Amino acid sequence: MPALRINMRKLKDALRLKFEGGQSHQQIATALQISKGVVTKYVGLAVAAGLNWKAIEDMDEATLERRLLASPSLRQTYAQTDFGHIHQELGRKGMTLMLLWEEYCAQVGEEHSTDNPVKPWRYSQFCSNYRRFAKRLKRSMRQVHRAGEKLFIDYAGPTIKLVANGQEVGRANIFVAAMGVSGYCYCCATPAQTAKDWLGATAQALTFYGGVPQLIVPDNPRALVTVADRYEPKLTDTVQDFARHYGCSVLPARAYHPQDKPKVEHSVLLVERWILARLRKLQFASVEEVNDAIAPLLQWLNQRSFQKLPGSRASVFANIDAPALMALPVQPWEWAVFKTVRVHIDSHIEFEGHRYSVPHALVGLALELRVTGHAVEVLHRGNRVASHMRCSHKGGFTTVTEHLPERHQHQAQWTPERLIDWGARIGVACAATVQKMLERQPHPEHAYRACLGLLSLSKRYGEARLEAACTLALGLGTSKFTHIRDILKNRRDLLQASTTPEWTAPVHAHVRGANYYQ
0 MPALRINMRK
10 LKDALRLKFE
20 GGQSHQQIAT
30 ALQISKGVVT
40 KYVGLAVAAG
50 LNWKAIEDMD
60 EATLERRLLA
70 SPSLRQTYAQ
80 TDFGHIHQEL
90 GRKGMTLMLL
100 WEEYCAQVGE
110 EHSTDNPVKP
120 WRYSQFCSNY
130 RRFAKRLKRS
140 MRQVHRAGEK
150 LFIDYAGPTI
160 KLVANGQEVG
170 RANIFVAAMG
180 VSGYCYCCAT
190 PAQTAKDWLG
200 ATAQALTFYG
210 GVPQLIVPDN
220 PRALVTVADR
230 YEPKLTDTVQ
240 DFARHYGCSV
250 LPARAYHPQD
260 KPKVEHSVLL
270 VERWILARLR
280 KLQFASVEEV
290 NDAIAPLLQW
300 LNQRSFQKLP
310 GSRASVFANI
320 DAPALMALPV
330 QPWEWAVFKT
340 VRVHIDSHIE
350 FEGHRYSVPH
360 ALVGLALELR
370 VTGHAVEVLH
380 RGNRVASHMR
390 CSHKGGFTTV
400 TEHLPERHQH
410 QAQWTPERLI
420 DWGARIGVAC
430 AATVQKMLER
440 QPHPEHAYRA
450 CLGLLSLSKR
460 YGEARLEAAC
470 TLALGLGTSK
480 FTHIRDILKN
490 RRDLLQASTT
500 PEWTAPVHAH
510 VRGANYYQ
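Using numbering that gives the first Met the number 0, the first residue of the sequence shown is number 0, and each one after it goes up by one.
If you are wondering where the hints come from, they were derived from the structure by calculation, not from laboratory data. All figures in this text were calculated on a predicted structure; none of them were measured in a lab. For glycine and all other residues, C-beta sits at the position ideal for the given N, C-alpha and C. There is no bait here: all hints are sound.
DSS-like cross-link-like pairs, simulated, lysine-lysine; straight-line CA separation at most 25 angstroms:
#1 K53 x K11
#2 K9 x K35
#3 K11 x K40
#4 K338 x K195
#5 K393 x K338
#6 K338 x K233
#7 K53 x K9
#8 K233 x K195
#9 K307 x K134
#10 K479 x K458
#11 K488 x K435
#12 K479 x K435
#13 K35 x K53
Just the calculated beta-carbon pair ranges, DEER-fashion:
#14 N489 x A365: 50 to 60 angstroms
#15 F305 x Q26: 45 to 55 angstroms
#16 A423 x L364: 39 to 49 angstroms
Please model the complete structure; the sequences and the hints are all you need to start from.
So, in structure tokens, the structure goes:
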């Protein structure tokens with residue numbers, strides 16, 4: 000037991016023997032084995048403070064000490080300060096005890112007067128008194144945190160049973176986050192503790208705080224950490240993508256060292272005591288119902304006043320942590336998976352049976368895919384080289400023409416509909432010829448080159464001659480490119496137009512006429 004407590008206990012006995020027993024100072028000193036001078040000193044202080052045994056008897060030792068030291072003979076001449084406020088101010092970036100001491104001295108100087116003859120502590124005494132105060136705080140407050148620097152995350156041990164139609168359908172896991180300085184708490188329920196649950200809940204927490212800290216500190220869950228190394232833990236690609244999106248870092252605590260994240264450990268305890276305990280008699284059918292029940296209790300917990308420090312978690316967060324947080328990104332984070340793929344010879348990569356184009360210069364290289372619920376991003380050495388809307392059509396193609404070699408781009412631009420429209424602009428016979436070319440082949444692409452050949456014929460011979468040649472070819476029952484080319488080459492389209500007379504049926508008794516065949 001400390002010497003001060005022993006002396007104060009004996010001091011209370013000495014005052015009892017003096018005021019109640021009426022013994023002399025020497026008799027009291029002999030009975031309690033203390034010096035006569037000590038008895039004389041503190042009896043004098045008690046008399047100067049106007050205390051008698053009836054008042055002293057109900058006092059505890061700390062109160063008695065304050066009353067005695069506040070007597071006129073030993074009046075405090077040093078200005079007091081609020082060390083709880085000092086402790087919170089130290090959480091701000093760049094804040095030091097020296098600066099706070101200077102502000103304290105300036106404040107004492109302004110309040111100094113002849114009626115209030117107090118003076119400030121020297122710097123060493125100021126620091127000593129603050130450290131003595133800090134030692135009396137809870138262990139969770141001993142670490143020195145900087146405003147907006149760290150967000151601690153974890154899952155609570157207890158879970159909440161989900162019941163539907165009288166049967167258990169799952170468990171709601173409780174995610175908890177806490178800011179470093181204020182301890183401002185966030186919690187929500189998730190269906191499990193997978194990586195998607197961890198990161199999704201963390202993203203909700205950042206939205207709840209309205210900003211991003213510099214560090215996010217989890218423990219070492221297998222869902223987030225592939226190698227739980229003490230010195231260089233290795234995170235999954237998805238976690239690194241999450242940190243990259245928010246512009247922060249994820250730094251796991253050491254394995255089996257909960258003291259590395261005492262803020263969230265304490266917050267987990269508070270959530271279990273003040274939130275989960277109040278929900279224990281309620282029944283929930285879904286995770287959403289649990290979150291609806293948690294929301295008002297969480298608000299009450301954050302606004303609950305501290306026991307030893309001024310304010311609450313909500314007020315300290317608003318004053319210290321919130322202004323130091325980084326801004327949230329404009330786009331919300333989406334769950335993404337990563338996969339390594341190789342570019343095929345046709346300038347496409349394949350994911351889940353669908354093929355997406357990439358620049359043809361990357362043919363044969365191994366690239367990295369970042370796949371979200373709506374998009375497929377192709378990365379080469381960390382740089383995005385292609386991006387496509389995600390498509391679930393197996394066997395299909397999503398192609399950007401610019402990704403193909405130049406000699407392939409023109410062919411890629413043609414489709415059956417476009418070819419037929421081109422033929423229709425020249426004439427009816429040309430459109431019909433293109434249609435027959437496409438229908439004659441087992442796959443329309445097999446006729447693309449023949450159709451493109453017609454385009455070259457129109458540039459060489461003119462659209463009018465091409466239309467006449469197609470008319471002649473259709474009359475002969477052919478739609479082959481080579482036949483139409485030979486007609487134009489041999490000028491048969493011109494010959495046919497100039498030499499074909501208008502035929503009329505002769506009048507003869509043996510001619511039946513067209514009406515006969517109706």
